[in-house]
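Residue numbers (the numbering used here), protein chains in the order written: chain B, 6 to 116; chain W, 241 to 355.
There could be a bad hint or two in this list.
In silico DSSO-like links for lysine-lysine, alpha-carbon gap of 27 Å or less [stated by the list, open to error]:
| hint | chain 1 | residue 1 | chain 2 | residue 2 |
| --- | --- | --- | --- | --- |
| 1 | W | K280 | W | K293 |
| 2 | W | K280 | B | K47 |
| 3 | W | K281 | B | K108 |
| 4 | B | K103 | W | K293 |
| 5 | W | K293 | B | K7 |
| 6 | W | K259 | B | K111 |
| 7 | W | K278 | W | K262 |
These are calculated hints, taken from the structure and not from any lab test.
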Amino acid sequence: QKEVEQDPGPLSVPEGAIVSLNCTYSNSAFQYFMWYRQYSRKGPELLMYTYSSGNKEDGRFTAQVDKSSKYISLFIRDSQPSDSATYLCAMSRGGSEKLVFGKGTKLTVNP
Amino acid sequence: DTEVTQTPKHLVMGMTNKKSLKCEQHMGHRAMYWYKQKAKKPPELMFVYSYEKLSINESVPSRFSPECPNSSLLNLHLHALQPEDSALYLCASSLLSGAPGNEQFFGPGTRLTVL
Chain B
6 QKEVEQDPGP LSVPEGAIVS LNCTYSNSAF QYFMWYRQYS RKGPELLMYT YSSGNKEDGR
66 FTAQVDKSSK YISLFIRDSQ PSDSATYLCA MSRGGSEKLV FGKGTKLTVN P
Chain W
241 DTEVTQTPKH LVMGMTNKKS LKCEQHMGHR AMYWYKQKAK KPPELMFVYS YEKLSINESV
301 PSRFSPECPN SSLLNLHLHA LQPEDSALYL CASSLLSGAP GNEQFFGPGT RLTVL
């Protein structure tokens, strides 16, 4: 079983839709959870960072962490064509230098 | 300023060439990282520098040689690479190596092609 599982998609939605992206993980030692957005042929951009269980909202983006289920989500409201990218979840144990990434989900938002 | 810069943006080299990739950040971060990313794959960690000292080498072949001249600069020296080394090379930095959270900020990458 991989440490982090992420459905690679691809996921295609119409403009304005609510998008839900998810990752599951197996290591209960993970404490810090991140979502990165990566446009084609560019470096990953840190979107959201959360610690332990709970929700965090930033504009149209909401990150949720459920440590009891070992499940994290990223919701995008009112999705825009500019949100079309690959979304990578990443997590770390805390005090660790190594991020463990999911495989990434490719999202396309159609105008 | 949450910017990590990398040069060059693109690099084509032969298997006998020697070249270097450069990364720079001015955020006061004391941990810097090199990652390799192949198409449709997540980034793979190569090296970590913490306070200008190499702290992690993920069993990377010796044809890749990292260097951290100061807290703002990170280089990756390349020599005798193979075509399978062609990839996007990403630099990242974080405030403190091993600190809780360890939010890493990535640069735009150098796209390397080895002929």
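The hints, checked one at a time:
no.: 1; hint: W:K280 / W:K293; result: 31 Å, violated
no.: 2; hint: W:K280 / B:K47; result: 12 Å, holds
no.: 3; hint: W:K281 / B:K108; result: 6 Å, holds
no.: 4; hint: B:K103 / W:K293; result: 16 Å, holds
no.: 5; hint: W:K293 / B:K7; result: 31 Å, violated
no.: 6; hint: W:K259 / B:K111; result: 33 Å, violated
no.: 7; hint: W:K278 / W:K262; result: 19 Å, holds
When held up to the earlier numbered hints, the structure conflicts with 1, 5 and 6 and fits the remainder.
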